[in-house]
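Asks: With these hints in hand, go ahead and build the complete structure from the sequences.
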Amino acid sequence: MQQPRKAAALISGGLDSLLAARVIQQQGIHVEGINFYTGFCVEGHTHAIRKKDKARPKRNNALWVAEQLGIKLHIIDIIEEYKDIVANPKHGYGANLNPCLDCKVFMVRKAREWVERKGFDFIITGEVIGQRPMSQRKATMPVIAEESGADELLLRPLCAKNLPPTLPEREGWVDRERLYGFEGRSRKPQMALAAELGFEDYAQPAGGCCFLTDAQYSHKLADLWRARGDRRYELDDIMLLKVGRHLRPRPHFKLIVGREDGENKFLQGYRKQYTNLVTISHNGPLVLVDGDVNDDDLLLAARLTARFSQGRDSDRVDVQVNMRKGDSKTLQVAPMAGDAIPKDWYL
Amino acid sequence: MTQHQLDARRMLCPLPVIRTQQKVEALTTGDTLAVVCTDPGALHDIPAWCRVNGHEVLGIQEQDDEIIISIRVGEE
Ligand code: SF4
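Note that the protein sequences, when read in sequence, are chains A and B.
Residues 1 to 347 in the numbering used here are what the first sequence lists, from first letter to last.
Residues 1001 to 1076 in the numbering used here are what the second sequence lists, from first letter to last.
I should point out that these hints are in silico values taken from the structure, not numbers from a laboratory.
Since the model is a prediction, treat every value here as computed from it, not as a measurement.
We treat Cβ as the ideally placed atom computed from N, Cα and C, and that holds for glycine.
Among the hints, a few may not be true.
[Claimed, not checked] Partner residues aside, some chain B positions facing chain A, computed with beta carbon under 8 Å:
#: 1; residue: R1010
#: 2; residue: L1012
#: 3; residue: C1013
#: 4; residue: P1014
#: 5; residue: V1017
#: 6; residue: Q1021
#: 7; residue: H1044
#: 8; residue: D1045
#: 9; residue: R1051
#: 10; residue: V1052
#: 11; residue: N1053
[As the list claims (entries may be wrong)] Dumping the calculated EDC-like pairs for lysine to aspartate or glutamate here, alpha-carbon to alpha-carbon at most 16 Å:
#: 12; chain 1: A; residue 1: K118; chain 2: B; residue 2: E1076
#: 13; chain 1: A; residue 1: K6; chain 2: A; residue 2: E113
#: 14; chain 1: A; residue 1: K118; chain 2: B; residue 2: E1025
#: 15; chain 1: A; residue 1: K72; chain 2: B; residue 2: E1076
#: 16; chain 1: A; residue 1: K6; chain 2: A; residue 2: D175
#: 17; chain 1: A; residue 1: K72; chain 2: B; residue 2: E1075
[What the hints assert, rightly or not] Restraint-style ranges between C-beta atoms, simulated for each label pair:
#: 18; chain 1: B; residue 1: A1026; chain 2: A; residue 2: E116; range: 13 to 23 Å
#: 19; chain 1: A; residue 1: R117; chain 2: B; residue 2: T1002; range: 21 to 31 Å
#: 20; chain 1: B; residue 1: T1002; chain 2: A; residue 2: A95; range: 42 to 52 Å
Replies: Written out as structure tokens, the structure is:
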């Protein structure tokens, strides 16, 4: 018997990629999923950190989708290569620091390399023409196919009928008539198809698949780049942007203040890498210092730390300062008054 | 059949899953792997990853803030 044709499906964890994969599975194609981890994905992280998020289901949506489909899922770490995409997107950014078009091109290119290596026949995505203003437009569909080098091997089952036939269609591996012609921003066709295929409890990400579409997050990332004088980041930097309250009292340093137990605990993991402050006379947050600081800066940092502790109304708070280099000291400070903190210190 | 360990402490999901996947790729069917992690998200994600990819979860232990998930590598 002839081996079935094989397709790699880009699985974001959202409804569209779930539907696209199912539609192709129904045509007797062997499908396996690929999911990319950029470091900015909304998945997982924060709900493990903050207590208030504990009640939410801790599922990884891409894994959940794979389980619904009964397919294997390969999660690919693109953290390093992705840094250049975020810093220098050829096609620019969306509303925030989201380089969606470059991101899509890059992911499809990685998928193409993957299918070549694994002997798969084609690639599918859940893209829909007109669904997203930046990356999913009629004009961008061929850009993604060409720049990724996937060309005719890239099939979008949900809007294939509005695009020229791809190789899998022309070769008869899939029946074009049983694909779809969704177009526009409406989610209704997807929801109807989900109901028809028997999917109920799927994730509906609002803005996009990652933190880069979030205005506040992008603001913090832009601040980090400004402070460093170059568009660089490490994985730890972008993880920490998701945690705590961030204040920049001086151009050369910022503070990351834990907002509750879960965050303090998470920040503790960074105590050796960052100079940090903690109140000892009162309960209070753990505060990390990002940047090189002098004694005046530390005094200011201590007064701010005291401000966010339970000693905020006391005359004096003892703050222990642990230097990154290992030595520590205790400062007795008067907490900074809330209204003395300029609003633009908050990132 | 050999036993292996993976330190995924302090990593946030899905990193423990990614590291598990990378480690498992280098192992053979029947090998066991104990993944030590601290992100409670792994309690859900690693077993889900195992189900999806055909590996078996042998057991889960929680000690203080550490979680140890033992798995047996399935067939390719
Ligand atoms: S939202 Fe983020 S992950 Fe999704 S396409 Fe845009 S940049 Fe890429």
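Asks: For each hint, tell me whether it holds in the structure or not.
Replies: The hints, checked one at a time:
A distance limit of 8 Å between C-beta atoms decides the matter here; for R1010/B the minimum to chain A is near 5 Å, and the interface restraint holds. With a cut of 8 Å, the hint placing L1012/B at the interface with chain A holds, because the nearest CB-to-CB distance is about 5 Å. The beta carbon of C1013/B is positioned within 8 Å of a beta carbon in chain A (closest approach about 3 Å), and the interface hint is therefore held. The closest approach between the C-beta of P1014/B and any C-beta of chain A is roughly 5 Å, which is under the 8 Å cut-off, so the hint is satisfied.
Interface restraint check: V1017/B against chain A, minimum CB-CB distance 6 Å, threshold 8 Å, status holds. Residue-level restraint check for Q1021/B holds (minimum Cβ-Cβ distance to chain A is 6 Å; threshold 8 Å). Restraint check, H1044/B versus chain A: the minimum CB separation of about 5 Å is within 8 Å; hint holds. Because the beta carbon of D1045/B sits about 5 Å from the nearest beta carbon in chain A, less than 8 Å, this interface hint is met.
With its C-beta approaching chain A no nearer than about 6 Å, R1051/B sits inside the 8 Å limit, and its interface hint holds. The closest approach between the C-beta of V1052/B and any C-beta of chain A is roughly 5 Å, which is under the 8 Å cut-off, so the hint is satisfied. Annotation: interface hint on N1053/B holds; nearest CB of chain A at approximately 5 Å, less than 8 Å. For the hint pairing K118/A with E1076/B, the CA-to-CA distance comes to about 13 Å; that is within 16 Å, so the pair holds.
For the suggested pair K6/A and E113/A, the alpha carbons sit about 14 Å apart, so the restraint of at most 16 Å is met. Between K118/A and E1025/B the CA atoms are separated by roughly 14 Å; this keeps the pair inside 16 Å, and the hint holds. Between the alpha carbons of K72/A and E1076/B the distance comes to roughly 11 Å, so the proposed pair stays at or under 16 Å and holds. Distance check on the hinted pair: K6/A and D175/A sit about 15 Å apart at the alpha-carbon level, within 16 Å; holds.
Note on K72/A and E1075/B: the hinted pairing holds, with a Cα-Cα distance of about 13 Å set against a maximum of 16 Å. A beta carbon spacing of about 22 Å between A1026/B and E116/A agrees with the range 13 to 23 Å that was offered as a hint. At about 26 Å, the CB distance of R117/A to T1002/B agrees with the hint of 21 to 31 Å. At about 51 Å, the beta-carbon gap between T1002/B and A95/A stays in the expected band of 42 to 52 Å.
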